[in-house]
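**Q** From first to last, the protein sequence lines are chains A and B. Counting with my numbering, you get residues 1 to 888 for the letters of the first sequence. Counting with my numbering, you get residues 1 to 175 for the letters of the second sequence.
Simulated from the structure, these hints should not be mistaken for laboratory data. Since the model is a prediction, treat every value here as computed from it, not as a measurement. Hints should not be assumed to be uniformly reliable.
[Claimed, not checked] Per label pair, the in silico range of CB-to-CB distance:
no. : chain 1 : residue 1 : chain 2 : residue 2 : range
1   : A       : P546      : B       : D35       : 53 to 59 Å
2   : A       : D118      : B       : T159      : 56 to 62 Å
3   : B       : N69       : A       : D118      : 40 to 46 Å
4   : A       : R80       : B       : P106      : 19 to 25 Å
5   : B       : D13       : A       : R80       : 39 to 45 Å
6   : B       : K99       : A       : E838      : 49 to 55 Å
7   : B       : N69       : A       : K886      : 57 to 63 Å
Note that beta-carbon positions come from the ideal geometry of N, C-alpha and C, so glycine has one too.
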Amino acid sequence: MTTPTAQMVRIMIDGMTVNVPKGTLVIEAARRVGVMIPHFCYHPKLKPDANCRMCLVEIEKVPKLQTACSTPVDEGMNVRTATTVVNDAHKSVLEFILANHPLDCPVCDQGGKCDLQDFSHQYTATSRFTETKRVFQKEYFSPLIETQMNRCVQCLRCVRYCDEVMDVKALAPVGRGTMTEIKHFGFHPLDCEFCGGCVQICPVGAITSRLSMYEYRPWMLKRAETICGYCGDGCQMTVQTKGQELIEVNSAHGAGRNNGDLCARGFFGFHAASHPQRLTHPLIRRHGALVQVTWEEALEYVADRVNEIKAAHGGPSFGGLISGRCTNEELYLFQKFLRMAIGTNHIDSSARYGHVNGLQAMQLVQGTHRWTVTFEDILDADVLILVGTNITETNPITGLKVKEAVKKRQATLITIESLEPVVDTMSNIANLSHHHFRIPTSDTHHAIVGLVKAVLEQNLTQPDLAQRHPTYVNAMTSALQQISWQDLQAATGIEPDAFVRAAKVAAGARRVVIMAGQLLLRSEQGYSGCLTLLDLLLLTGKLDAPGCGFAPLAEENNDQGAIEMGTVTELLPGAQPITNDTERERIAKQWKGELPTDKGASLIEMLERARVGSLKAMFIVGENPVGSLPAVIHAEASLRNLDLLVCQELFLTETAALAHVVLPAASSLEKHGTFTNTEGHVQAVRPAIEPVGDSRPDWEIFSALSILLNSPMEYAESKEILKEIRSLIPGYSSLGPTPLPPKVDHSAVDRYLTDGYQRDLASRYHPISRASRPDGTVRLELAQSLFHSGKLSTRSKGLLQVEGSGRLRISPSDAARFALSDGDRVRLSSTSGEMTTEVKIMERVPQGTAWFPSHFGQAAVQLFECAIDPITHVPSFRTATVSMMKVA
Amino acid sequence: MTFVEKYKDEIADILSRYPVRRSALIPLLYVAQRDQGYVTESAMQEIAHLLRLTPPQVYETITFYTMFNLKPVGTFHIQVCKSLMCALVGSDTVIEWIKTKLGIGPGESTADGLFSLSVVECLAACGTGPMMQINEDYYEQLTENKLDRILTDLRSTGTSPLKSGPFMWPEPVKT
Ligand code: SF4
Ligand code: SF4
Ligand code: SF4
Ligand code: FES
Ligand code: FES
Chain A
1 MTTPTAQMVR
11 IMIDGMTVNV
21 PKGTLVIEAA
31 RRVGVMIPHF
41 CYHPKLKPDA
51 NCRMCLVEIE
61 KVPKLQTACS
71 TPVDEGMNVR
81 TATTVVNDAH
91 KSVLEFILAN
101 HPLDCPVCDQ
111 GGKCDLQDFS
121 HQYTATSRFT
131 ETKRVFQKEY
141 FSPLIETQMN
151 RCVQCLRCVR
161 YCDEVMDVKA
171 LAPVGRGTMT
181 EIKHFGFHPL
191 DCEFCGGCVQ
201 ICPVGAITSR
211 LSMYEYRPWM
221 LKRAETICGY
231 CGDGCQMTVQ
241 TKGQELIEVN
251 SAHGAGRNNG
261 DLCARGFFGF
271 HAASHPQRLT
281 HPLIRRHGAL
291 VQVTWEEALE
301 YVADRVNEIK
311 AAHGGPSFGG
321 LISGRCTNEE
331 LYLFQKFLRM
341 AIGTNHIDSS
351 ARYGHVNGLQ
361 AMQLVQGTHR
371 WTVTFEDILD
381 ADVLILVGTN
391 ITETNPITGL
401 KVKEAVKKRQ
411 ATLITIESLE
421 PVVDTMSNIA
431 NLSHHHFRIP
441 TSDTHHAIVG
451 LVKAVLEQNL
461 TQPDLAQRHP
471 TYVNAMTSAL
481 QQISWQDLQA
491 ATGIEPDAFV
501 RAAKVAAGAR
511 RVVIMAGQLL
521 LRSEQGYSGC
531 LTLLDLLLLT
541 GKLDAPGCGF
551 APLAEENNDQ
561 GAIEMGTVTE
571 LLPGAQPITN
581 DTERERIAKQ
591 WKGELPTDKG
601 ASLIEMLERA
611 RVGSLKAMFI
621 VGENPVGSLP
631 AVIHAEASLR
641 NLDLLVCQEL
651 FLTETAALAH
661 VVLPAASSLE
671 KHGTFTNTEG
681 HVQAVRPAIE
691 PVGDSRPDWE
701 IFSALSILLN
711 SPMEYAESKE
721 ILKEIRSLIP
731 GYSSLGPTPL
741 PPKVDHSAVD
751 RYLTDGYQRD
761 LASRYHPISR
771 ASRPDGTVRL
781 ELAQSLFHSG
791 KLSTRSKGLL
801 QVEGSGRLRI
811 SPSDAARFAL
821 SDGDRVRLSS
831 TSGEMTTEVK
841 IMERVPQGTA
851 WFPSHFGQAA
861 VQLFECAIDP
871 ITHVPSFRTA
881 TVSMMKVA
Chain B
1 MTFVEKYKDE
11 IADILSRYPV
21 RRSALIPLLY
31 VAQRDQGYVT
41 ESAMQEIAHL
51 LRLTPPQVYE
61 TITFYTMFNL
71 KPVGTFHIQV
81 CKSLMCALVG
91 SDTVIEWIKT
101 KLGIGPGEST
111 ADGLFSLSVV
121 ECLAACGTGP
131 MMQINEDYYE
141 QLTENKLDRI
151 LTDLRSTGTS
161 PLKSGPFMWP
171 EPVKT
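Whenever a hint applies, use it, and build me the whole structure from the sequences.
**A** Right under this line is the structure:
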């Protein structure tokens, strides 16, 4: 890492002077003055390996040519990159490489963007080699990635990427010398994270994507720079198309918050939008069946029904639910439409499933609705604390930041995760952890409490906190005295000493970032767990220290936007509480109307009201409560009770199938707008293809309806909505390269320290009661899988090839206990229901626990009870004790 | 019984000698090879697990070194050095002789399962080439005549007085 204080040196490159920090590699210094030194094995993301010898340059006073990719600059260095000697060297290196290269460019997918082609043109290298070329046996490599080893230039970029960046280590150079080829394990097909990184980083056509094989030449494709719609990391990607056909996705090195890295979902998941089952026409229910109609008919029908119901029952008999897959513009317009055109505050979104827990905790303790840190702070952190994240599978790119911080920048990693630290086919963050608290998800809170207790007992609290806020510190101290180490150890299986060691490391560090993931956020302790983590930062004086902060990870790509656009019940646009009268007035004035006065109902409350009949109509956009909520909520019965259910969807989901009107919506690959990522960075979404069939962007649908309902919200394009958002939310983030995080609001902190903490101190810090699980049962948890996220991944043919169905992940010891082997079928039953599924044995699963991938969890969901957080109204249904039995 | 169970004590001893766990890879692969005559896939997986490596990493190591076999070899594993020094003094001819006498090329075994032939990189006997290693013994300054005698001896007695001794293998320091 180059520190800002690094000494600058002055060097000459081809006669040009350049000032760079000492230690910069010659190849990078040259790049700064526009000199591109040819290279294969060098890549700025990887440690120099200097194996290909392509980058040789002359350095004055050094007798032999040097590799620019591994030579650091020093004061006064004089480098020449284009002398006859250098050119000759480049030519001969190319000649060596071409000696074995098949030159099958006409059938190679890399043709047109291949470094070897480009350099060969540049140096007109020819080969005097007349012997036969090496030929590797063609082998099946994997469902998504293809290798053609005859083309390999043996630069090992793929192997190094998979190890250094991904920490997966799925690729290996096999054999020796010329006959080295890149393989997985023997003849086994590749089994890995399928991040596509090796495909992207290979300088030639030796590793390519099967999804776009033989489909194109680069110059035939149209490109759109946009943001991935699968998770809150918000990766920038380039979607390449031929007409309406989606061909390939990649991400340029250095692009976006992801720095050009993608995960399997981003790289291989793009076909969801062109799935043949996309809804292409509006549908209306007639005589019980959904039939195709025109947009005019559908919209007029909706408007008529809305007018009737509104006249009979009033605005508050309506409710709305929207998904975080929508753009900010759509989320904004949705709530404006519901509040102004319909007259209801019953608005909620997918953020309710967990993100709201982190939000409310941040608002209470530090008065922000966003992280106070950015990805850069994760990279620069001295100590990172991960709590319930399973980050590799949920937020893979944030995970890469953590890996980089730990592997390259020596950060200390503390993890409170249910993962066993084992090496298998996917990276496992617990393997990099220095203090790993392996604990079942449902007991996560105990481990956080352990850290807080250690901080208080070891006097690791910020010295003047006790003076400024004695009541807070005393209350905390006495609350934690109630909890004995003995009980904590019994509940967590972790020695008190381990907590003390980790607490000391965290308290002693300068830059500490705590990340909370879905496993915590979506659990019953989601809200309290976040508060306790914030207590930890407060007590150690890190809450407002530079580079420190709390970072709840968003699951859906625009959950953060949903909060900031006011599409959660408790908030207005700008994440202002709906109870804030000045804000209400300000917004009403801008909107030139009156805001409804009712207290909004959250998702579960809306469903309850629908069930008892006081809610008459709902607009559901991109959400599928019938498929996602456990049976105990009776979502289907509730929705069936409605007089009007309007769904805007890409596919006919279980929920849409119940609707009176289904309106086909355009996917994020088909529209303009913005997404706000988990860090709170607002990024531009651009269309790669035209809306499929007659589908339309969601905002256009709200706008069209508003006109029919006589409270017109007309916009020529989504940019105009963004303009309105900016006028309403002062300074709503610019689209710059790096987000500017908000600062901790000290008056909010003071309020929290004075009395805010009291609200639920007792419920968070209470003596632990021990519960034991009966024999023959396992703790079933819904967990996210790397290959599926968001609303659409199960429609992506690429991702389905890697994971096409849900299999119950169990530990080897439970497999032995229940006499199960891979692929056996089991019946799971709880008091709420039962299901049958196949098992998959995975060593990372802790004993006594079984994970079911949430994206195939519709049957599993029925086994869960549902707890509703009394403060945040978040429904949680992630863990259940179930009995497991082998079935034939 | 798994490989790791079978050689529990020996493995523990090997592991105790290396402060960095993965350094024990090659010694463990030797144990696995001694067991089956070649390194089986399941042994690779067990060793990977034991050393916290991925199976591809273990596979990479095995394929880099010529002394590890990935498939069964004959009772006598002939390994002819084909690196530069030996090549200059006729290692190609040695390989040809073997081909004619035993009817096998590099990577092949005789039908009776007695002999297998490999060509390998420098075995550090460059001054006395052409040379070969059979199982753990070196045979140097080979001539056609010598080769005939070696093959006959091996067939009849399982060993040959023409060997110049086992290649050096550092014994652990006994304390
Ligand atoms: S796709 Fe697989 S093999 Fe390639 S870099 Fe990613 S994890 Fe490694
Ligand atoms: S496959 Fe590509 S990246 Fe990997 S070593 Fe070969 S040329 Fe380099
Ligand atoms: S799913 Fe998330 S991590 Fe993966 S590419 Fe998309 S935004 Fe990035
Ligand atoms: S790029 Fe410098 S040696 Fe390969
Ligand atoms: S070259 Fe044959 S032993 Fe060294």
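**Q** Now tell me, hint by hint, if it's right for this structure.
**A** For each hint, the structure was consulted:
no.	hint	in the structure
1	P546/A x D35/B: 53 to 59 Å	holds (58 Å)
2	D118/A x T159/B: 56 to 62 Å	holds (59 Å)
3	N69/B x D118/A: 40 to 46 Å	holds (42 Å)
4	R80/A x P106/B: 19 to 25 Å	violated (46 Å)
5	D13/B x R80/A: 39 to 45 Å	violated (56 Å)
6	K99/B x E838/A: 49 to 55 Å	holds (52 Å)
7	N69/B x K886/A: 57 to 63 Å	violated (40 Å)
The structure is inconsistent with the numbered hints 4, 5, 7, although it conforms to all the rest.
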